[in-house]
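Colleague: Chain by chain, the residues run as shown.
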Amino acid sequence: MNKTVNQKAWFLILPVLALVAFSAVIPLMTVVNYSVQDTFGNNKFFWAGLEWFDEMLHSQRMWDALGRQLIFSAIILAIEVPLGIFVALNMPKKGFWASFCLVLMSLPLLIPWNVVGTIWQIFGRVDIGLLGYFLAKIGVDYNYTQNILDAWITVIVMDVWHWTSLVALLAYAGLQSIPDAYYQAAKIDQASRWAVFRYIELPKMAGVLMIAILLRFMDSFMIYTEPFVVTGGGPGNATTFLSIDLVKMAIGQFDLGPAAAFSLMYNLIVLSICWVFYTVMTQMDKRDGV
Amino acid sequence: MSLILQGVSKVIGARTHIYKSDLELQNGTMNVLLGPTSSGKTSLMRLMAGLDVPNTGRIFWDGKDVTGMRVQDRRIAMVYQQFINYPSMTVYDNIASPMRLMGKTAAEIDAAVKKAADLMKLGPFLTRKPLELSGGQQQRCALARALVKDAGLVLLDEPLANLDYKLREELRAEIPKIFEEAGSIFVYATTEPEEALLLGGNTATLWQGRITQFGPTPEVYRFPVDATTARVFSDPPMNFLKLVKSGDDLLFGNGQTMPAAGDWSKLPDGPYQAGFRPNHLELSSYGAGAIEFETKLTVTEITGSETYVHLDYHGERWVGLVHGVQKLVLGRVLPVYLDPAHIYIFEKGGALVSAASYAKAT
Amino acid sequence: MRKRFGINGSTLVMGLYLLFLLLPIYWLLNMSLKTNQEILGGFSLFPQDLTLANYAVILTDPSWYMGYVNSMIYVVELLSSLVFEGFGSCGDLACLGGFDAVFERDASDDFGEVIKAA
Amino acid sequence: MAKITLDNLAHSYLKSPKSEDDYALKELNHDWVDGEAYALLGSSGCGKSTLLNIISGLLQPSQGRILFDGKDVTNAPTAERNIAQVFQFPVVYDTMTVRENLAFPLRNRGADASYIEARVNQIAAMIGMEAELGRKARGLTADAKQKISLGRGMVREDVNALLFDEPLTVIDPHMKWELRTQLKSLHHEFGHTMIYVTHDQTEALTFADKVVVMFDGRVVQIGTPQELFERPAHTFVGYFIGSPGMNVMDAEVSGRTAKVGGVTVDLGADYAMPKGRVQLGIRPEFMQLSNDRSGLPARVRRVEDVGRHKIVRLEVMGQEMAIIMAEGSEIAADTDHVQLKADAINVYADDWRVAPKGESA
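Residue numbers (the numbering used here), protein chains in the order written: chain C, -19 to 270; chain Z, 2 to 363; chain L, 6 to 123; chain Y, 15 to 375.
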């Protein structure tokens, strides 16, 4: 293609390259560096090869954290996606109430992570929290600092509270793009409510839902602040997810080598899952293009 | 002044949108690109505009090679099938926008906008926003914008397709009048043969990415170079009939013959295809020498003054357009008549070998 | 009849969902308007002794409000670097041939595709 | 199949309409005869889609009733009315195959599998999509999708009525012919009551037994294509039907003659003395150029060759008019008059047609 190309444009991306180098490449290389070295303190390092990687692969602690992490992500996806779709389906289509709902629903999305943690930390307390107090009142023995199940429920409900609206808003945008004629045709075809959902609404939402799932997965897979504020990873290690564990290892115990190896593997997992998503999505697009 | 496309082609991915084509458009002419959807009309226009760069070939404007030149460096105006205006601007500002970009003075702009608005009958609506106007008025606004731009090349991509039938009819009559004096090159894409005829000027017929013929519109209509062009440039579509020339006779149907007189006598023996337009079939008032076909009537459609008859002739589907309101019984055998002067003969490959003799007379 | 029930169903769902979203936020607000004694002293749905003292502390004590100041500085710096980066991305587009596309559209009013795509 | 009765029907999109102008559809009484093919013809915004949506139940009228075979269905939901409708833009279920799309309305009504199979194959043959039956509908071209929509509309045999809302808008001219003819032969074959909304006069006239012309929320004429062509009840019908539309000129009418700008024109029938703004209407097909000083003085402005005929644009006493001449006919250089065919002239008073004495209604 002999398109008109302006070579000067290359100079314009230099600042970006510099910025990316400083903000991403250098930190990453530091981590890579740590992951293959060992130290006895005093800023003296020596070569350790793949020892840390080997150690981490055989570390029960990491596998446990990964297991918890996967279970957590699976649960919140299983709740937030259907709930988000359900909420989107019930949202008003237009007018004042539509804007009203949109504004209120975006509130949790605007709250900083640690504040979300604080809110739920207080909300769930038996003595002064609305939720905890009422649960105690009706005789439910609820205590997220002691009981593993309660801790999990709290962390999950908190994430659902924080992020379901995102899924709902994306699904709602997908729904809004469906022309009225589709619903009218469905009425005339005597389609059931389920059929309307299955054959009209779901296909139209599929694209945005993939994005929602990807976003929610990545975000939940890297979750740190909120559970840390609420449970601090406990009781015991019950809610110690990957990034919490990583921080404990790196900063709490100063095991820089294993932590670096750990974080690189963590990175690889996230990347490979993104790649799977990307492949699935482009395959879908290809199928559409036929 | 002219726009010349030389061996231009466009391939995107595995699909060829335009096969190697040549075209020469003269200044001050109306040029119609006629062809069905996705026959390459829009692709060709995008090449002319410089929105796409051809894979092969060159484009010359006034003798200067403009292949690969950016759109904003050419003097081009374009109007689309969708009514495209700036929604937040008034009609006045919409029309004025291209002139403002050119840095004209306020007085110049005002005069030009008023003139264009007058031509497009938009005078009373200058202070309104486009979305407060009817579809027809919105498209007039877009046309007015193209008009004031004083472009050397004005591209109109099915500008009337989204309008009501009657509005289309009115604007169609106005467009050639308005653009007559502008002295630019006009290119107008359409799927409708009748629109091409009404616009006059020159017509290029397109079929599956190829320009099958280019010439003055009535000439292309009356002397199509091949069966494809004839089919594209006929609404309802042209009817076809298989023929075999053998000696002094043309054989068709179930052993019917007609004499191979005049030009036809010179044709070598072999199979041919005859084509004729629906309006040349007659039910009654036929002249001497007309050929009779026994057909089966499948459907009739009455337009109020005329009747479309859909016929089955030995498996060929024909359409006839006959005068008056005809009450006919469906499914019956219906004799129809055709004056041989209206028959075009194409060779098996599709190329025209003998034009209808009536066409030569007009 | 059926239609009305549908609207009520949706309203109910939305009502419950919004309640779920707003309760924790309400509780935070509720807390912020109570005195420390009231918070620790016992449970109440509304502040009995409405006070803005907590806000006064936040806005007057530097050890509290410097956090906000630092956040603002950070945001301003982030924004300026984003603008910086934004210019860079433009160049990025140009290299990929997108540059032409971006400006061509403007020049020839070619926003048909954009509208179609939308 | 059913007879559809509109009783005192009117609709306004406003909550409390005040004047008649607030009504998108003005009061209307009409019977749609069982088994006939109707076209609703009018320009955009004339209320034709409103009327269609009221019949299909997608819209509740602000006043009046709709009856199917005498049964009041005004408040019945769409699904209970047992009608089929095809929309302007193709509505297909993307994730289903073409076969599933066609079978959908039958499945929803619990038809048995063998019947569905047979019926779907029959419809697929009708719309010429047998080869694509197993394919996903996603990614098909717009006209293929619209063919599926048409097929889905026709797949049920027991519908009360088939409604079409400008179904051929997205279809190529050549394909339009084919589909319209298909619809027409389907109508002959199955005898469904069909209502076809369009702004395209050719589509309306060729499709329908009876055409309902709407203008500004009002039905101005219901008639066969021939009646609409020869005896337009309103100048709008004259203008809207025919291409180009009817020529209209101011005149003074008394009895069998009219005076147009000082020239006397024979009317061929007795119209007495109509009141209001009196006009003559005559179609371009019934006017003829002359050079013997008979008729109205005229000047040829432009000749358009449309292939099968020529359209001559004239200036007649300061007004633009059109006449149609046969293909290949020549215009004499000294042409300066135009003649009107007396029995093709209609007389209008305040835009409504005046019936001559002796004409049966």
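Each hint should be verified, as a subset may be incorrect.
[What the hints assert, rightly or not] With a cut-off of at most 27 Å between alpha-carbon atoms, the simulated DSSO-like pairs for lysine-lysine come out as follows:
no.	chain 1	residue 1	chain 2	residue 2
1	C	74	Z	130
2	Y	224	Z	167
3	C	74	Y	150
4	Z	297	Y	224
5	Z	167	Y	17
6	Y	289	C	167
7	C	73	Y	224
Keep in mind the hints are simulated off the structure, nothing from the lab.
Colleague: Determine which of the earlier numbered hints do not hold for this structure and return their numbers in increasing order.
Modeller: 3, 5, 6 and 7
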